[in-house]
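> The residues making up each chain are set out below.
There are 2 protein chains.
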Amino acid sequence: MASCAGPLIVIGGHEDKEGDKAILQEVAARLDGGKLVIATVASHEPEGYFDAYQKAFAALGVTDLVELYVNDRDETRSPKNLDLLRDAAGIFFTGGDQLRISSQIGDTPIEEMVRAIHDSGGVVAGTSAGASVMSETMLVRGSSAESHRIGDLHMAPGLGLIRDVIIDQHFAERGRIGRLLGGVAQNPRVLGIGIDEDTAIVIDGDTFKVVGAGAVYVVDGSTVSHSNIAEAGRQEALSMFGVSLHVLSSGDQFKLSSRRPCARDPST
Amino acid sequence: MASCAGPLIVIGGHEDKEGDKAILQEVAARLDGGKLVIATVASHEPEGYFDAYQKAFAALGVTDLVELYVNDRDETRSPKNLDLLRDAAGIFFTGGDQLRISSQIGDTPIEEMVRAIHDSGGVVAGTSAGASVMSETMLVRGSSAESHRIGDLHMAPGLGLIRDVIIDQHFAERGRIGRLLGGVAQNPRVLGIGIDEDTAIVIDGDTFKVVGAGAVYVVDGSTVSHSNIAEAGRQEALSMFGVSLHVLSSGDQFKLSSRRPCARDPST
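Protein chains in written order, with full-length UniProt numbering: chain A, 1 to 268; chain B, 1 to 268.
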């Protein structure tokens, strides 16, 4: 039986808002004219975020847009905020700090409603911090533009909308292959997914497809024959042999359960 | 029969010159008190390079150090420059532009003498541009900190001291996994080797070992099941499925012919 869960649109940050807006178009197309909630919870200073999305989505015909922001967990129980979500066709988490999203709305009525939107077929989208937070265990902090040091990675429980993956964003732009490998080394049960800026994966059930200008890197640790992550000192560099790496670009697809990529039909 | 060729020490740039100098120590240890030629040919403005190496190597007991620089190909035939190399135990190529090394000394008496030093057991070392130039086909230009675009990679014939590999340097620091994947996609016969700053591989015959603070990434394309490099447009992002990736750190070894990594003995 097919799941009734809606699509998850996971964006690597800096999605185009002024050109062809390929990624926001994917969001818009799945709203069926319904209301989209822009959740700016990840940001300490959310001013301006909503306006930029309002303008971009208006150009795509999405006009029923509202902003959700909470200063504190207390506000997740306010009837006003819960009303915002009640008849939403989708929710879009903007960037900032993933730990702000999880610590402010984790285990609150808002999180319950986000899950209900997803379960009943609505769209859940997130960019940058809003992308990372979708997994069960999320990357919170780790060095960019250097190889992974054993002790240099912080993870935390995310919203858990996607199981058995770790997501990283701004991927090629910030040189984050090292820290994603480090995350996967900790437990190869999780698949590492690194998403470039202006690039997204659209997850429908067991499959995702790639949209946007950059690439998506899938790090599959199931083939790893050796890693030093449990033995080496905190300042030592990671060793990890036999990683399977897939690089996907626009139109390519990936089947999560079998961990298999599938190329875009070249005629399309 | 064992080859009599000497070691190749291939450094990812910015090797430590003031602390424990682990990488320069590897060079020094293999000179047996002999003369080391510092070749600053890669640089348009080599002033200061030699002094920095002189100071660092002096602290390691290497005092017989000379500088080789040529302004133009004509100077590669000067008896003075050829004399510098005649009784050298090793040569060390400093950083700059790899195309300057290959275009200035390629197919000249100096290149012949470098090859003779290598063939007779001498040390050939190179850092940054001096690392890239060691392979048959070398990376010359390509974007860092973004995913590979099909048309965005320039390669050129290097000195060819190492066959069937492409070397990239400043690897994690400049986010170069994308361009190395792009190079390997063009012909998976070549193994991609990405070397971090202050990190080196020491190649002895068919095996290399890793020295230094960072990591070495080996991209093996022999398992690749799909790539779009021949079909996609120049501005499109690379797709490449099923790459085998090995991350090695200090003490790990790699056998080139069988493409197999071997972990450091944890007791050492």
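No lab work stands behind these hints, which were simulated from the structure alone.
All residues carry an ideal CB built from backbone N, CA and C; glycine is no exception.
Errors might be hidden in some of the hints.
[As the list claims (entries may be wrong)] FRET-style restraints, in silico, Cβ to Cβ:
#	chain 1	residue 1	chain 2	residue 2	range
1	A	His44	B	Thr207	48 to 54 Å
2	B	Arg141	A	Arg234	47 to 53 Å
3	B	Ser257	A	Gly151	31 to 37 Å
4	B	Glu45	A	Ala156	32 to 38 Å
5	B	Ser225	A	Cys4	30 to 36 Å
6	B	Ser257	A	Cys4	34 to 40 Å
7	A	Glu45	B	Ser257	53 to 59 Å
8	A	Arg234	B	Ser257	41 to 47 Å
9	A	Asn187	B	Gln235	35 to 41 Å
10	B	Gly160	A	Ala22	42 to 48 Å
11	B	Ser222	A	Ser222	47 to 53 Å
12	B	Asp164	A	Gly121	36 to 42 Å
[To be verified] If we take Cβ atoms under 10 Å as the criterion, some of the chain A residues that face chain B in the derived model are:
#	residue
13	Tyr49
14	Val70
15	Asp87
> Does each hint fit the structure? Answer for all of them.
The hints, checked one at a time:
In this structure the hint that A/His44 and B/Thr207 lie 48 to 54 Å apart at CB holds, the actual value being about 52 Å. A hinted range of 47 to 53 Å for the beta carbons of B/Arg141 and A/Arg234 is inconsistent with their spacing of about 37 Å. For B/Ser257 and A/Gly151, the hinted distance range of 31 to 37 Å is satisfied, since their beta carbons lie about 35 Å from each other. Range check, B/Glu45 to A/Ala156: about 48 Å between beta-carbon atoms, so the 32 to 38 Å window is missed.
Taking 30 to 36 Å as the suggested C-beta distance range, the pair B/Ser225 and A/Cys4 conforms, at roughly 33 Å. The hint said 34 to 40 Å for the Cβ distance between B/Ser257 and A/Cys4, and at roughly 54 Å that hint is violated. A beta carbon spacing of about 57 Å between A/Glu45 and B/Ser257 agrees with the range 53 to 59 Å that was offered as a hint. For the hinted restraint 41 to 47 Å between A/Arg234 and B/Ser257, the CB-CB distance of approximately 35 Å leaves it violated.
Evaluation of the 35 to 41 Å hint for A/Asn187 and B/Gln235 yields a pass: the beta carbon distance comes to about 37 Å. Remark: the range hint 42 to 48 Å for B/Gly160 to A/Ala22 is upheld by a beta-carbon distance near 44 Å. Between B/Ser222 and A/Ser222, the C-beta spacing of about 19 Å breaks the proposed range 47 to 53 Å. Separated by about 52 Å at the C-beta atoms, B/Asp164 and A/Gly121 break the suggested range of 36 to 42 Å.
Annotation: A/Tyr49 was flagged as interfacial toward chain B, and the flag is violated, the nearest CB pair being 25 Å apart, outside 10 Å. This hint is violated: A/Val70 has a C-beta 34 Å from the nearest C-beta of chain B, more than the 10 Å allowed. Look at A/Asp87: its Cβ only gets to about 38 Å from chain B, farther than 10 Å, so that hint breaks.
In terms of the numbered hints stated before, the structure departs from hints 2, 4, 6, 8, 11, 12, 13, 14, 15, listed from lowest to highest.
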